[in-house]
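Trainee: Based on these hints, arrange chain Z on the given structure of chain L.
Going down the list, the protein sequences come from chains L and Z.
Letter by letter, the first sequence follows residues 0 to 150 in numbering that gives the first Met the number 0.
Letter by letter, the second sequence follows residues 0 to 498 in numbering that gives the first Met the number 0.
Simulated from the structure, these hints should not be mistaken for laboratory data.
Since we're looking at a predicted model, the values are computed, not measured.
Be careful, since some hints might not be right.
[Claimed, not checked] List time: in silico DSS-like cross-link candidates among lysine-lysine, alpha-carbon distance up to 30 angstroms: (1) Lys271/Z to Lys118/L; (2) Lys271/Z to Lys68/L; (3) Lys300/Z to Lys130/L; (4) Lys88/L to Lys148/L; (5) Lys71/L to Lys271/Z; (6) Lys15/L to Lys309/Z; (7) Lys109/L to Lys300/Z; (8) Lys54/L to Lys68/L; (9) Lys316/Z to Lys15/L; (10) Lys71/L to Lys88/L; (11) Lys88/L to Lys118/L; (12) Lys426/Z to Lys118/L; (13) Lys15/L to Lys300/Z.
Residues per chain are reported as follows:
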Amino acid sequence: MTSDVKRILLVEDDPKDVELTLTGLAEYNLVNEVVVARDGEEALDFLHRRGNYEKRTNGNPAVILLDLKLPKVNGFEVLQQVRADENLKMIPVVVLTSSHEERDLVQSYKLGVNAYVVKPVDFHQFVNAVKELGAFWAVINEAPPGSVKKR
Amino acid sequence: MNPAAQRTPLIAALEQLGPHDHFCSIYENREEHYGVAIPFMQIGLDRGEKCIYIADDGTVGEVRQAMQSEGIDVERATASKALVLATKEQAYLRHGSFNPDWMFTFWKEATESAMSEGFSALRATGETEWVVRGARGLERWMEYESRLNHSLAENNCSALCQYNRRLFPPELILDVIRTHPVVVYRGTVCRNLYYVPPDEFLGTNEAEREVERLLTNIQEREDVEHALREQLSERKRAEEALRRSRDELDIKVKERTAKLREINDDLQSVNKELEAFAYSVSHDLRAPLRHIAGFTELLQKDAEPILDQKSRLHITKILESADRMGSLVDDLLAFSRIGRVETQKATINLESLVRDVIAEIAPDTQGRSIVWRIGTLPICYGDPSLLGLVFTNLISNAVKFTRARPQAEIEIDSLNHRPNEVVVFVKDNGIGFDTKYKDKLFGVFQRLHSKDAFEGTGIGLATVQRIVHRHGGRVWAEGSIENGATFCVALPNPGDIHA
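Chain L with its partners taken away, still in its complex shape (with noise of 0.2 angstroms):
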């Protein structure tokens, strides 16, 4: 596992859920693209090459995987950070969270996310979910200049 292949960084602090995910994540071999923060300010730290992360050579993720709530540093937080960075703002953000609320989607677009996607309780639907998301953002998409490159 080298990192310059990690092209998602999935913002989660539940490690059900993270493991949940990259299940889903599996079905199109993106597991090893898969980067993890357990909270915002790892995630932040990922992204402006702090701390743990100094080291970090590659570009930027082509998507963030970004749970709302979170120990230390919040989603939203995360994400207005990431808007307001010279460097970052470009990078395709999708919330994805178990919060149906209208104000959480609304704040989330207000923000400038890309893309909201309420977790499904039910087992296949959010392998699918998760799936669908790792197919189109790390594979369909293009990733916009600076972003890791695809294999």
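Mentor: For chain Z alone, coordinates are given in the frame of chain L:
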């Protein structure tokens, strides 16, 4: 005469006069002359009094014409003896000369005969222009006018004496004023301050009479002004009191409003907390639920070959339970959302709304034999998506609980028994319910049937009730076991909604 159309202030004032009243009309032209005399007669005829009009020389025809042009049916009134058009020769001068004593006898007898003919009173008016022209006995005319006050006090009779101011010398008009307690002048009925009672008027001492009259007038004038001042200050006091009580009321209302607002704020914050609680409970339940379902599925996939039949069944049951809990959580979330979303009210055609709902639930009705009876449904006012949810729930229930019937019958119609609300019902021939549980129907998670028999989370009717209450309406159910159920929704009429 149409009384409502022609009721002028003058006529209204004339209507206040009746038996025993003695008054004069001092006129300056023909219009003022008939403008008082004709309504005076008309009022009497309307009241069932006998009316006598004593005309001057050769004016009977003119009077008759004036009455007719005011809408009085003179022919009929005279035929029924309600109206008598007389000449001065038939009344004042019937003995050739004028004599007050004869006249008082005349009035007394005329009143009595009118009463015996069934009239309620006598009403008389006389023209007096002939008085200027002179006749024997007329030196007693003013004595007659004064004493007439006594005479009328004893007889059920009223009298209007007509004087042409342009014709009579001022000294005579002066006495006319002194002898009539009420004067009609230029369209106004006036209480006469200068009236002098007969005893005084007929007394001999002119100077003493003048002194008495002036003193009385000074005093009366003072009394009137005093009364006016009293009235004014009384009114001021009343206004002040009114203002004070209004101010006090204002303060009270403000206090109450503040208190209510406080209570409302408290309630709202409690409500918000409750909703936040319901939201986060259902929200936070979703993650572990997803995990239970997810990992069980993974287990099922990976371990199926090595599991025995019983264990496989257990896994299926875990998945079913997780699925059911997922529905419960979703419904609970939706239910808590009803209280939180803003309603977007509009005019709704219930009939097309109901038809849309039926089309939407078509997958559930496939393969079923259902007779739909949809009546003429009213237009109502509310949130289209929330009311759509109400009818989706009610109609889905009707479809669900008629499943055992070879032919289901579902009727949706309205009752128009109350003007201020719209009542729509959904009636089915399904399994019904025990009427003693009818209040439990609308509770959250309340079910009256086993889950095996009929699927559902038990939140549908609670949702229905919550939405209908939010619209200011009512919902209730009627039914009995095996005999179908009827659910009624009453919504306030569009015109009665002040939200």
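Trainee: Do the alpha carbons of Lys15/L and Lys309/Z lie within 30 angstroms of each other, as the hint requires?
Mentor: holds, 27 angstroms
Trainee: Lys426/Z and Lys118/L: Cα distance at most 30 angstroms?
Mentor: Not OK: Lys426/Z and Lys118/L at ~39 angstroms, beyond 30 angstroms, violated.
Trainee: Has the given pair, Lys88/L with Lys118/L, been kept, meaning a C-alpha gap of at most 30 angstroms?
Mentor: Holds, at roughly 25 angstroms.
Trainee: For the pair supplied as a hint, Lys316/Z and Lys15/L, is the alpha-carbon distance within the 30 angstroms limit?
Mentor: holds, 21 angstroms
Trainee: Verify the proposed pairing of Lys109/L with Lys300/Z, using a straight-line Cα cut of 30 angstroms.
Mentor: Answer violated: Lys109/L to Lys300/Z is near 41 angstroms, above 30 angstroms.
Trainee: Within 30 angstroms, alpha carbon to alpha carbon, are Lys271/Z and Lys118/L?
Mentor: Satisfied, since the Cα-Cα distance of roughly 25 angstroms is no more than 30 angstroms.
Trainee: Given the hint that Lys300/Z pairs with Lys130/L, test it: the Cα-Cα distance must not exceed 30 angstroms.
Mentor: holds, 18 angstroms
Trainee: What's the verdict on Lys15/L and Lys300/Z, does the C-alpha distance respect the 30 angstroms limit or exceed it?
Mentor: holds, 17 angstroms
Trainee: Measure nothing beyond the straight line between the CA atoms of Lys88/L and Lys148/L; if it is 30 angstroms or shorter, mark the hint as holding.
Mentor: This hinted pair holds, its Cα atoms lying about 18 angstroms apart.
Trainee: Could you grab the alpha-carbon distance between Lys54/L and Lys68/L and see if it respects the 30 angstroms cut-off?
Mentor: holds, 28 angstroms
Trainee: Check whether the Cα positions of Lys71/L and Lys271/Z lie no farther apart than 30 angstroms.
Mentor: With a Cα-Cα distance of about 26 angstroms, the restraint between Lys71/L and Lys271/Z holds, given a limit of 30 angstroms.
Trainee: Run the distance test for Lys271/Z versus Lys68/L: straight-line Cα separation, threshold 30 angstroms.
Mentor: Holds. Lys271/Z to Lys68/L sits at ~20 angstroms (cutoff 30 angstroms).
When the structure is compared with the earlier hints, violations turn up for hints 7 and 12 and for no others.
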